[in-house]
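The chain contents come next:
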Amino acid sequence: MNLSYYPGCSLQGSSSEYDITTRAVCAALGIELMELEDWICCGASSGHSLDEVLHIALPAQNLKIAAEKDLDLLVPCAACYNRLKAARHALETREEVRDKMRDVIDYDGRKSPAVLNMIELLQERVGLDRLRTEIKIPLKGLKVACYYGCLLVRPPDVTCFDHPEHPQSMETVVEAMGGESVRWSHTAECCGGSLSLVHGGIVRSLVDRIIESAQEAGAQAVVSLCPLCFENLDMRQTKKFPVFYLTELLGLALGIKDFGHWIKKHFQDPSPLMDSLRLTP
Amino acid sequence: MRMNVTETRPFIKQISEASGQDVASCYQCGKCTAGCPVAEHMDFVPNAVHRMIQYGDRSILGSSAIWLCVGCETCAVRCPNDIATSAVLDALKREAAEKGVRSREKSVIALHKSFLAGVQKRGRMHELSLILGIRLKSGGLFNDMKLGIEMFRRGKLSLFPKKIKNKRMLRNLFEKARRRT
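Residue numbers (this note's numbering), protein chains in the order written: chain A, 1 to 281; chain B, 1001 to 1181.
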């Protein structure tokens, strides 16, 4: 299977482990990722906070590049995924947006690719039955809290993915990997997002509530699909509680060789937990 | 508060149109505020923001509330009248930024402005440049210094920004977007 790939800016910086593990997992599953040539930033929350045209034009420019390739587009970052889906939705549903975008980037949404997050890729394209057959080291004994945050699931008419407040799809992937998931209250609560850069204190209190909720539910770690959530949870918490990207755990379960480089990037050391479950790469 | 229809209508009309939301339909149930992760830090909680727009009170443009909204969209999912409060707050942010209305949340404004300035320059966001841009605009250069050093030690902060090749496309996009705003 070939897919276009949009890493986004965070995956080239603070969240490089998400990029590396996504590429490794896809390679192990026989998926070839073709990075979009000369992709640009999606504009993130600053785009829609300040500029009514740029917040569509920036992500839509990437849809335009992807449309030339005629491949579906994998977007692992939840924030980029949200912006690309929002641009796609606006182009699909609003004539005045198409009109503006024809003028600004010479693109009206033609052949706009399907935009996929990691769970959609695993559930719909790979298939959980096949995924189960690929698991070499089941994550036996590992109990995680699947954390979706906001941007994968809201607004629901834009992302069209799972449930806006009670999503359950990541749980099915974790179970296919041989792990367990807990039921908990904070699965789609906000981590504070980009406020982290200017209001560390607010984000710390939001993040600690999320971690406490995961602990109370009996989880040993939180699993994330968003670089913003991951960085906030991993760097701002005061609980010494491990946080993983789904792709990090999946890479372990797939038995990828030499798959431990990302551990040293984590602020909360996951090694004791992984050692106790004999999951150390 | 004195209510005057001619005073009230232009503002609610403007914000409703800019956000695509029917602000007039808010009847103060408070679900947006109940679900808002940052309401406790706001000077006006989300449902009060709607009320002030209904009253035509433009002073809401100088509030901290509009800039503290992180766009989690919980309010939008829960509103019984289908108002996406997050979209209303975005419309208020854009109006406040355009008019240069001051707010005590100047660091959040600096964040968004620095972010877009970086994208305009390079086509991509570079974290270290963004952080420096915010701190230079709003002060606190040494805030989170320890965290920054730890990030650097773990290879999480790249020193040199990545740039896109097609500068002409980027220049066109920003120029045309400005004309259409």
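Take the hints with a grain of salt, since some may be wrong.
Stated by the list, open to error - When the alpha-carbon atoms are kept at most 25 Å apart in a straight line, the in silico PhoX-like pairs for lysine-lysine are as follows:
no.: 1; chain 1: A; residue 1: Lys69; chain 2: B; residue 2: Lys1099
no.: 2; chain 1: A; residue 1: Lys69; chain 2: B; residue 2: Lys1146
no.: 3; chain 1: A; residue 1: Lys264; chain 2: B; residue 2: Lys1146
Claimed, not checked - Here are some, though not all, of the chain B residues that point toward chain A, as calculated from beta-carbon distances under 10 Å:
no.: 4; residue: Asp1022
no.: 5; residue: Arg1102
no.: 6; residue: Ser1114
no.: 7; residue: Gly1118
no.: 8; residue: Ile1131
no.: 9; residue: Ile1149
no.: 10; residue: Leu1157
no.: 11; residue: Lys1162
no.: 12; residue: Lys1176
Unchecked claim - From chain B, some residues computed to sit far from chain A (all C-beta separations above 12 Å):
no.: 13; residue: Arg1009
no.: 14; residue: Ile1012
no.: 15; residue: Gly1030
no.: 16; residue: Thr1033
no.: 17; residue: Gly1056
no.: 18; residue: Cys1072
no.: 19; residue: Asn1081
no.: 20; residue: Ala1096
no.: 21; residue: Met1125
no.: 22; residue: His1126
no.: 23; residue: Phe1174
no.: 24; residue: Arg1180
If you are wondering where the hints come from, they were derived from the structure by calculation, not from laboratory data. Think of the CB as a built atom: it goes at the ideal place given N, C-alpha and C, for glycine as much as any other residue.
For each hint, the structure was consulted:
1. Lys69/A with Lys1099/B: Judged against 25 Å, a Cα distance of about 42 Å means the pair is violated.
2. Lys69/A with Lys1146/B: violated, 44 Å
3. Lys264/A with Lys1146/B: Holds. Lys264/A to Lys1146/B sits at ~17 Å (cutoff 25 Å).
4. Asp1022: violated, 16 Å
5. Arg1102: Constraint on Arg1102/B not satisfied, violated at 16 Å.
6. Ser1114: At about 8 Å, which falls below the 10 Å cut-off, the nearest Cβ of chain A leaves the hint on Ser1114/B intact, so it holds.
7. Gly1118: With a closest approach of 8 Å, the Gly1118/B hint holds.
8. Ile1131: holds, 6 Å
9. Ile1149: This interface hint is violated because 12 Å lies over the 10 Å limit.
10. Leu1157: This interface hint holds because 7 Å falls under the 10 Å limit.
11. Lys1162: holds, 6 Å
12. Lys1176: This interface hint holds because 4 Å falls under the 10 Å limit.
13. Arg1009: holds, 22 Å
14. Ile1012: Holds, because the least Cβ-Cβ distance between Ile1012/B and chain A comes to about 18 Å, which exceeds 12 Å.
15. Gly1030: holds, 18 Å
16. Thr1033: About 14 Å separates Thr1033/B from the closest Cβ of chain A, which puts it past 12 Å; holds.
17. Gly1056: holds, 22 Å
18. Cys1072: Given that some Cβ of chain A is not farther than 12 Å from that of Cys1072/B, nearest at about 4 Å, it is violated.
19. Asn1081: holds, 15 Å
20. Ala1096: Ala1096/B not clear of chain A: closest Cβ-Cβ about 10 Å, inside 12 Å.
21. Met1125: The claim breaks: Met1125/B does not keep its Cβ more than 12 Å from every Cβ of chain A (closest is about 4 Å).
22. His1126: violated, 7 Å
23. Phe1174: Answer for Phe1174/B: violated, closest chain A Cβ roughly 8 Å.
24. Arg1180: violated, 5 Å
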